[in-house]
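Student: If you want the building blocks of each chain, they are given just below.
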Amino acid sequence: MTTTPVIREFSYCLAHVPELVQYGSKPMREISRDPSLADRIVAATRSFEAAAAYPPNQAFIGRIRPEELASIERPWFAAAAESAEQANEMSVGPYGEIVSEALFYSLLWQADILSPPLFEVHDDVAHRMEKVLAAHPVLPDASPHREPSEAAAAAAHDLEEGHPLPLMFDGREVAWFHRDNRAEGREDENLMAHTLLENLCTKASGALALSWLLRRAELEPDAIDYVITCGEEAVGDRYQRGGGGMAKAIAQMVGCSRASGMDVKNFCAAPANAILTACALVKAGLHERVAVVGGGSLAKLGMKFLSFLDKGVPILDDCLGAMAFLITKDDGVSPIVRLDEGAVGRAPIGASASDEAVYRSLVVEPLSALGLTIPDVDRFAPELQNPEIMEHAGSGDVARKNYRKIAAMAVMSGQLEKKEMKSFVERVGMSGFAPTQGHIPSAVPYLGHAIDALRSGDIQRAMFVGKASLFLGRCTDLFDGVSFLLEPNPAA
Amino acid sequence: MSDTIKGLKAIVFGERDDVAGPAIRACLEAAGAEIVHENTACFV
Chain H
1 MTTTPVIREF SYCLAHVPEL VQYGSKPMRE ISRDPSLADR IVAATRSFEA AAAYPPNQAF
61 IGRIRPEELA SIERPWFAAA AESAEQANEM SVGPYGEIVS EALFYSLLWQ ADILSPPLFE
121 VHDDVAHRME KVLAAHPVLP DASPHREPSE AAAAAAHDLE EGHPLPLMFD GREVAWFHRD
181 NRAEGREDEN LMAHTLLENL CTKASGALAL SWLLRRAELE PDAIDYVITC GEEAVGDRYQ
241 RGGGGMAKAI AQMVGCSRAS GMDVKNFCAA PANAILTACA LVKAGLHERV AVVGGGSLAK
301 LGMKFLSFLD KGVPILDDCL GAMAFLITKD DGVSPIVRLD EGAVGRAPIG ASASDEAVYR
361 SLVVEPLSAL GLTIPDVDRF APELQNPEIM EHAGSGDVAR KNYRKIAAMA VMSGQLEKKE
421 MKSFVERVGM SGFAPTQGHI PSAVPYLGHA IDALRSGDIQ RAMFVGKASL FLGRCTDLFD
481 GVSFLLEPNP AA
Chain F
493 MSDTIKGLKA IVFGERDDVA GPAIRACLEA AGAEIVHENT ACFV
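Which chain is which? The protein sequence lines are H and F, in order. Position one of the first sequence corresponds to residue 1 (the numbering used here), numbered consecutively onward. Position one of the second sequence corresponds to residue 493 (the numbering used here), numbered consecutively onward.
Excised from the complex, chain F in its bound form (with noise of 0.2 Å):
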């Protein structure tokens, strides 16, 4: 999964009440994909 991800420009869409961008964020660059933009939205 990782080798699939690694190198790619990554764009993070999270939501206050499921998966917030940060954590979206820390997986995708573990995997090695550079974050261009994240957003956490509230849908509330």
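This is chain H alone, in the form it adopts within the complex (with noise of 0.2 Å):
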């Protein structure tokens, strides 16, 4: 017997974490060459209370409808909280919050549980992280790996072929970050500490992430049956580089224990594919309730920080961005993803790769099997990267083309007239407004906002569009595309 899903939860969190930016691929690669960017980009990051003031970031946590973007006046970096007290208050809004990096470290602290430990933490600051976790409200309670006694802290550095990575706050040296030391792991080049590092940032920003999602969802974390992850790390050993279990690890660290969990690859559209993947279970009768799961990039962060420096501008892509979605059995209430026959878009192996065949594929043909016309979807959602990032770095305003690409195909397929593209395009979109982080500002950042639309009646429809760049990955010369209509539940 199948049953309807719904989508009944989100959330969405960002960690700000300024000292992490050199470890972004694009930082580490250029202060490699020229060590002297080091000072450069610290002495460029924004302070928490910029980060969290900064309006993309308060409509990723919900504290703004993404609408309202628009009227805000550029640069948005100029916004700023009067306060610490303002800063804090502005970091938490009701999908999500904006932590600190000392509290992110607290995170990838809880979230090690190697021994010998890959998070060494100096002793006088670890009773503060301790702390800073047991007073969150949110977080897992469980207590970090505190094996790390000074006798296995000091084998650690003793094995070290290298250096551990430093780990920063205020300019000063709080902990370090190892390699696997273990005998099976010296020799491998896939954990690394950068590596490692890569892998627990999206962990712990998962962990964050889900726990937010419990929270709102008013569950425990053993109502949840299954999870599923979205992100574009690779965890491995040499032997299975990507082989996966970012999910389990998630929601172990997060104590769904009743639960198990798989990892969904397809680059930036793999949220859209996990969770119709999630739709999918629970229809089936597989799961009764799905976490869908997307921790952060640390390879994303400072990507377009040469910009930056150049235009004295602080650095923006500061920040690790997380989301989960909770995809359950209908409950009359929460808005449905249409699964009727051709109704989720899809970019054929076979069709054309020009953006006329892309957006008939993901747009026209889907709307076309429910008896739809673009004109008649409230909102689209892109690619939602946020403008003042992009542009910037000479990108452009990524969600803006692709508003106009469908605004175009909505023409060509004789739906909308050319004169009123511009409107159109005023009327579905919205300005992007998610950190630049692969994955997470595919087109589901705007899905919390999309429900709660939906459940006050402000839209009606919204149809969400990922795309994917297969072709990076160096074993085809495809792209992916994935599309998905949200509708009220018709029992609501």
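Keep in mind the hints are simulated off the structure, nothing from the lab. Keep in mind that the hints are not guaranteed to be accurate.
A short, non-exhaustive set of chain H residues, derived as facing chain F with CB atoms under 8 Å [said to hold, decoys possible]: (1) Glu383; (2) Gln385; (3) Ser395; (4) Val398; (5) Asn402; (6) Pro441; (7) Lys467; (8) Leu472; (9) Phe479.
With beta-carbon atoms standing in for the labels, derived distance ranges [claimed, not checked]: (10) F:Ala502 with H:Glu67: 37 to 45 Å; (11) H:Ser257 with F:Ile503: 53 to 61 Å; (12) F:Thr496 with H:Gly457: 53 to 61 Å; (13) H:Ala284 with F:Ala502: 46 to 54 Å.
We treat Cβ as the ideally placed atom computed from N, Cα and C, and that holds for glycine.
Assemble the dimeric complex from its two separately framed chains, guided by the hints.
Tutor: Here's what the structure looks like:
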């Protein structure tokens, strides 16, 4: 017996991690060529107060609607909290929170399960970190891995070939991040400190989002049957790099002891595909409550930092993003994903890669299968990268480019007059507001806002269009895309 | 325009969220150019 799946809850969180920007892929490569850049990066990062007050971040955690961003004067980074107290208030929204670097380090520590440990914290900081974790109202209450006795830490240092990565806070070294220092890990380049730091950043931020999801849903961790992650990390050792396991790692950290899980990989389009997979599992009756989780991407931090340094602008790609969604059996209230035959958009291998063919497959044909046209949709959610980051780097407003293509497709399909394109984009569009974190900005940052707007009756239909640059893997020249339509629950 | 392009060898750089490589290739080939390299980049 099948049931209609619904998207019942969601959460969105950010971790403001200016000291980790130097470990992003682009900054690391540039610093190795010019070590003086490390200090310039630190000098160009912004405070927690500035990151918390940043309007796109406020939209991400649900304190403002993305439609409001267009009326906020640029540059958005000029917005500032008036005090640390106000910043703290602004860092917590209805959808989740923006955590400070200190809190995120505590989460990294909690996420580390290895012995000898990956995350080695100075003793004087450890007690403070434990207090921070214990006092947090949402995070898992498990104590961090406290095995690093002085002897174990010293042994870890002795074994280290090269140096562990220093983790700084307020200009001071507060912890180190090691490679796998066990005998079986020492010769494996996939278990180097930097690679494992990438993976643990995804785990820790994903656990933050999943914790918030449970809080919003008023569920205990054991209520979750299955967890699906959708990040771009590649977990595994030399024999199975990319093998996965992130979903169960995050679920374990949050205490979802009844859950199993798996990772869905599809570059930026993985979140949309993971949500569709979760819907299919619930519809088929395999699971009742499935959490889809996307953790943050260390590699993408500071990706555009050179442009910011050149222009004297604060480094704005300084936050890890994380999000989670709860898909359940029909509750008679929550919005539904249309899973009718032909209603889910896809990019067939044999189809042309021209924009016309892509948008016909992703937008026109799924809507047509439901007897709908493009103007019948109230909001489209394409790639929603924050334009203030992309424009400084010379890559333009990605969301706007996607809206123009949807509008052009509507004109080519005879569903819209050419003269109506501008007003159409204004009606169905919004500014991008998501951090440039790969899979995070791909359509689903709007899902939470859409659910609220559908529940309140402000909109009747929202379409999510994700894209994936499969060609970046060098195994194919293809790209991928996926789309789905969200509507109010018919019983609501 | 096509007279200017006809017979030229062209290198195509497209962008996933802007004009993709295949679209530029199709236009240039229709105008008589020979594409010697095509790449579509992803800047996000």
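Student: Are the hints correct? Go through all of them and say.
Tutor: Structure-based check of all given hints:
no. : hint                               : verdict
1   : Glu383                             : 6 Å, holds
2   : Gln385                             : 5 Å, holds
3   : Ser395                             : 4 Å, holds
4   : Val398                             : 5 Å, holds
5   : Asn402                             : 6 Å, holds
6   : Pro441                             : 7 Å, holds
7   : Lys467                             : 7 Å, holds
8   : Leu472                             : 6 Å, holds
9   : Phe479                             : 6 Å, holds
10  : F:Ala502 with H:Glu67: 37 to 45 Å  : 41 Å, holds
11  : H:Ser257 with F:Ile503: 53 to 61 Å : 56 Å, holds
12  : F:Thr496 with H:Gly457: 53 to 61 Å : 56 Å, holds
13  : H:Ala284 with F:Ala502: 46 to 54 Å : 50 Å, holds
In terms of the numbered hints stated before, the structure departs from none.
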